[in-house]
Amino acid sequence: MAHHRPLLDPSPRTPPSDPSPFPFSHTTTSIMTTPPSTQNYASAPPTSSASLPYSSSSRRAASGRSKPQSGRVTIGGSDSSGHASANLGNSASGFSIESLGPGVGPGISSSTRRRYGSRGAESDGYGSSQREISDEDARLVYINEPVRTNEKFEFAGNSIRTSKYSVLTFIPRNLFEQFHRVAYIYFLIIAILNQLPQLAVFGRTASILPLAFVLLVTAVKDAYEDWRRHRSDRIENNRMASILSDGQFTAKRWKDIRVGEILKIEADQTLPCDMVLLSTSDPTGVAYIQTINLDGESNLKTRYAKQETLSRMPEKEGMNGLIRCERPNRNIYGFMANMDIEGKRVSLGPSNIVLRGCELKNTKWAVGVVVYAGRDTKVMLNSSGAPSKRSRLETRMNYEIILLSVFLITLCTVVAMLHGIWLRTHLDELNFTLFYRKKDYSGDEEENYKYYGIGMEVFFAFLMSVIVFQIMIPISLYISMELVRLGQAYFMIRDAHLYDEASNLRFQCRALNINEDLGQVKYVFSDKTGTLTENKMEFQCASVRGVDYSGEKDGSNGERDGSSVVVDGQVWKPKMKVKTDPMLLRLLRSGTEMEEGKHARDFFLALAACNTIVPIIVETPDPMQKLIDYQGESPDEQALAYAAAAYGFVLVERTSGHIVIDVQGDRQRFNVLGMHEFDSDRKRMSVIVGCPDKTVKVFVKGADSSMFGVIDRSLNSDIIRGTEGHLHAYSSMGLRTLVVGMRELSTSEFEQWQSAYEKANSALMGRAGLLRAVAVGVERNLSILGASGIEDKLQQGVPEAIESLRQAGIKVWVLTGDKQETAISIGYSCKLLTNDMTQIVININSRESCKKSLEDAKAMSKKITAISAAAQNSEGGAGSGRVPLALIIDGTSLVYILETEFEEELFELATACSVVLCCRVAPLQKAGIVALIKNRTEDMTLAIGDGANDVSMIQMADVGIGISGQEGRQAVMASDFAMGQFRFLVPLLLVHGHWNYHRMGYMILYNFYRNAVFVFILFWYVLYTAFSLTTAITEWSSVLYSVIYTSLPTIIVGILDKDLSRRTLLKYPQLYGAGHRKECYNPKLFWLTMIDTVWQSLVIFYIPFFAYKHSTISGSSIGDLWTLAVVILVNIHLAMDVIRWTWITHAVIWGSIVATFICVIVIDVIPDLPGYWAIFEIASTGLFWACLLAILVMAMVPRFVIKVFNQYVRPGDIQIAREAEKFGNSRENSGVEIEMNPIPTPPRETTQ
Amino acid sequence: MNLKATAASSTSDGTSDSSAPRRNSKKPKYSRFTQQELPACKPILTPGWVISTFAVVGIIFIPIGLASLFASQRVVEIVDRYDIDCIPETLRNDKLAFIQSRETNKTCTRSLTVPMDMKSPIYVYYELDNFYQNHRRYVKSRNDKQLQSKKNENETSSCDPEANASNGLPIVPCGLIAWSLFNDTYRFSLSSKVLEVNKKNIAWKSDQGHKFGDDVYPKNFQSGGLIGGAKLNASKPLSEQEDLIVWMRTAALPTFRKLWGKIEVDLEANEQITVVIQNNYNTYSFGGKKKLVLSTTSWIGGKNDFLGVAYLTVGGLCLFLAISFILLYFARPRPLGDPSFLSWNSDPAGHMN
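Protein chains in written order, with the numbering used here: chain A, 379 to 1626; chain B, 31 to 383.
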């Protein structure tokens, strides 16, 4: 039998012609494989797609389909959206869609996720590379000729710079970036205004100080961060790699690597740049790589060198050629190039390139040519920052900021008008009054002295009052909020309760500006696989030829040893042990005669052979023992391979041409003659193997729905019926199921298949389609071998977490790619669904029925609500007799609903239900469902997921959480927060979210109050200075007020204060409702605060005013009194609202007051300032202290009374819980036990 | 921000951090600080605390109020407004012409009756009404550097329009404040015996010591065509010009008093004091009032009942609130921290609101 290497590109002889082929049949279908909605989504509104890195490519794919003649596509054109800037190749489009469409195949879904070496993808790349990459659009790389390569275009070197600044550029660039913030612009405008001589209210230094201060703080922070980046860059750039020069490989620093050079990588080394593989230590040119740094996936992926290059030794014979590749782009799954070598043109696809950051594994060495280096590498192009979102609270806050601006403008207008009126009434006297001289008589001519006429004076008065009252807009609030969030993030990251022991991961805050949103989440959209479950597949049971071997729960311990293989005197053991069924083991060992035994063996042979698993032999401390680690892209396949190993069918070796399986101690070699990989259209995969007994067999495994179509029903109907029963039972247990079948090919059939297969493989166009046709041709009339059940275990604590979330009034929706039965059973096992729920299932496949079923469902939900309401009334309102509804809807139905007129109905229905379960949904549908809620309600949405298929949903939701699990870091990279386990959601939302919301809400209100009270004091005084904008408070105190006097306490309280302890918050999840009801920040609170502000400012101003009315008091002295009074008052105000007093809180609040005294004293010992010694003069009188005391008490009384009254007469839940925390111990001892009500009653409207 | 940076760099640098299979646990180290479990005091406003707070405030405030009211009552104050009366009735139609004329006799004699015994020292103030000494243009029109020492004589920035004399030389002390120095004078006599007024130590010691230099002598002062107020003795350094120093401490409010001198003898009730006033100062142009004030002093300063009343009011209010809350707590007793009051435990009909 001819040695066949199906994994190699079989058709090197590619004619470089055919300018406009259209090999899109595959592309189209690969999109189709995700439910057709993908196309709907491809034309989704920009809101839903602009932010998704993948959607743009899918849109392109769509447009590409409609315009097939556009053979030449601009490559590397800049894309304003910044995403996927150049993945215009159709291979890229089809590919990324595919990569998004995992959860579709029910069983081996994950195996579709990213198939670098997959045939379909390769043929795509092949097809598209037929189109000329025009020389202008291409990057030309002359192999082993770096000088020539870089001659014309200086390609980026390999030195990377993640740092933003250099020493020289730091100041201008940093300033430029900082002034992107509106707040700083405001500061700047005020400072500039103040520089105009007519308007100089403050001295120059004093007016620039606040701006300079915040700029400095931010600059120091930026500089520190940049220094760290510089350091890591330096380490990175100075790593060594071996480069071919003058016929031998020599070590060179990473930063010196240039495009066009030939690079040799040894096992376990990291790639320094993106390179096209030329040859590897494997004779077939395979290299295994680990992409954990790129996308976080820890499994091995295969890359191939081209046949034309793999046998050459560049260090001996040299190598010449030209690679024409697309311009650098950020699509890590796409690569399009061709290579001219020895007069031939070879196409290169994503499977021929290895990217920077990958690690070479299990391959001794690999040689390649550098095509992208440094900042052009895909990983660098992809290392963008976290998405920036703005928190809900901040958005709300901006309304109030606008209100404050209105206040400010009003105050300024009032002052300006009054100033004008005063001038008009005193117009005659202005020249000779002692305190206001209009004219300057000192010169020979009488000139106007700083007098510009009433109109201008009014205008100047307005601008001056803007300067004086500037802190009405609490600019420092933005900086404080940033610091507070930083502190909150610190505590979230350090929280031991959010640390995942298993993956050794802490909580990650990737977005720093939405911490407080965690306290207001109303909807949680969760992925299932890997989020609710562990995504660690475990083989549970099998049905072989209609007989169920589910294993006995009790007898499993003894059988856990698993089998082992003896190779060269060493014992090789599978890394993972699988629970085995003793009956089945006995059956397997029973000898070859029995029919059942034969089938069982075929079954496990199929499991061991029909996959893409690569066994890796891992050393153990014991030299005589080694572990077999099955590496593969699909966790299901891994589980099956381990299961086969446990039953004595140990896959020990896989090369591209054959596999070696140890069949119960007997090593057998099977030739892999061909493999039809999984595609989501067929939903099955098959492998054609030549067995040692010279027979050729095709093994097929796939989803039940697709498998039962190709099984020869006439042969074994009983078995089929039995298997179907078992499948149903398995999926009801929440297991993922697969059906396995096989057929022995006759010689003629095999030859027929082989010629078709070869032909398809060497076809120039539509190779994927042809291959699929071949596959369909051979995958028929199968005899059924059996079915497997794989368990994806629920993560620890998921049911409890969901229960807590539900009690907290959060609706949990599960969006999964799994099929309905599996989804429902998982729903039950994680307590999302309960037996008392009424399930509404929408499972339709046409537009018409969609409308009807939606209407039916709505009618039903209304009826049920009415019944339960009636029941509730008849019971006199005791308890809640509501029947909860659960909506189960599948992806096909959603195709007809989302983005159509039915959406509104679905929204109404879904919000009426307490649980929504969406199964078989495509990634973009997940985003669509999130958008369904997000666009229609004010409620906060949170999406949590772990895989690439959740990226769109995570980015769509208000808060995106990535689970750093088995499926790579894609979700984490797109998320705002990342953590290890689903159950951490409970402490995150209920504890940290609650705290953050409470802290931030209070802090914003307090900052408004703090600044406004100061402005009002200034304003009242202006009314007594002939509206001339004099400030009794010195300019330095005005400037330092929000920077030093009062800033630290609010920041510390914003970081540290806790209204309730963690225990209480977890004990009563309902307390989370405070965030839903916006209890900590709402317009009512804002207005109350403002009224209180006016009262307090009146007290502060008028008590000294009246007390010193007819006295010799000087402006500076009373100014000092006001300064101290306002600072002490706002700090006491804060102190009254602080709930937990730690030593830090004490230090910072009392410290601020002391610091203020010190500052005031320092200002008053400078003889140059007019207020010299004023504080000592006034503080030595009793009246000063009497005023201070009177101010503090009188100003606080109303707030205190209202607070006490509210807390006692109308206590909110938080207040009661606080009291319970303090006095609860005695109560608990007395045995009063309040039953927790598991079903949330609708929360009380507000505490009015 | 730095969190973001590390996330980004871990993908790019791929150094030892993430790829190496070391099992350094990243488990956050337990400390009470990082777990936000620092020992803390969690005060709760229990009825006891509330009532005693109000009661204590009331109990403290009422005596203070009484004390300051009492102190204020003991202050004896004689206030005499003389700006109109000191202009002969015939000339009252055009007060401005009277005050601006050099020829008119501005001497004016007033007779004051002492209402009660006044213990020395008796402070003599002048009170100006509607004189905005806190007007921005006025307040800024001075130069503190110039006042401090001789070498800064030429520092007249911000003194406009009284920075330089018409001959271009700097005015010392410059600026509108100094220019408008009050220049009425008072001579007191008690039954034809001259009552000495001590004009020493009426300014702040700190101002005399550091703010007004003892080597700075008035120059070119009031030499322009427009005379604002008093002239200064050019042979006395500024540190001894106490009237100027007092005047230059600009007042906080539009109506203010300035100390003019001290009478260091006791006065008895019903004694008649004769004051001869040189009514020079022009407050007529802006309708300002001028008053002469003789007052004793107390710990709360001059005669001012406001603070006493304020304290009594607040104290009374607090006592009232204390009683109200006692009644409230009796009328609607609520056990603190009773979980049955939680909104999801209390039945919907029995809402507290």
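One or more of the hints may lead you astray.
Claimed, not checked - Computed cross-link-like contacts, DSSO-like style, restricted to lysine-lysine with a CA-CA straight-line distance of at most 27 Å:
(1) A:K816 to B:K125
(2) B:K319 to B:K333
(3) B:K149 to A:K1487
(4) A:K817 to B:K319
(5) B:K292 to A:K953
(6) B:K319 to A:K1456
(7) A:K828 to B:K170
(8) B:K249 to B:K319
(9) A:K1445 to B:K149
(10) B:K149 to A:K599
(11) B:K223 to A:K1487
(12) A:K1487 to B:K72
(13) A:K817 to B:K261
(14) A:K1004 to A:K739
In short, the hints are calculated from the structure, not lab data.
Status of the hints after comparison with the structure:
1. A:K816 to B:K125: Holds - the C-alpha atoms of K125 of chain B and K816 of chain A are around 22 Å apart, at most 27 Å.
2. B:K319 to B:K333: It holds: about 19 Å lies between the C-alpha atoms, which stays within 27 Å.
3. B:K149 to A:K1487: 23 Å, holds
4. A:K817 to B:K319: 24 Å, holds
5. B:K292 to A:K953: Given that 27 Å is the threshold and the Cα spacing comes to 102 Å, the pair is violated.
6. B:K319 to A:K1456: 56 Å, violated
7. A:K828 to B:K170: 13 Å, holds
8. B:K249 to B:K319: 30 Å, violated
9. A:K1445 to B:K149: 72 Å, violated
10. B:K149 to A:K599: 65 Å, violated
11. B:K223 to A:K1487: Violated: K223 of chain B and K1487 of chain A sit about 34 Å apart, past 27 Å.
12. A:K1487 to B:K72: 42 Å, violated
13. A:K817 to B:K261: 21 Å, holds
14. A:K1004 to A:K739: 17 Å, holds
The earlier numbered hints that this structure contradicts are 5, 6, 8, 9, 10, 11, 12.
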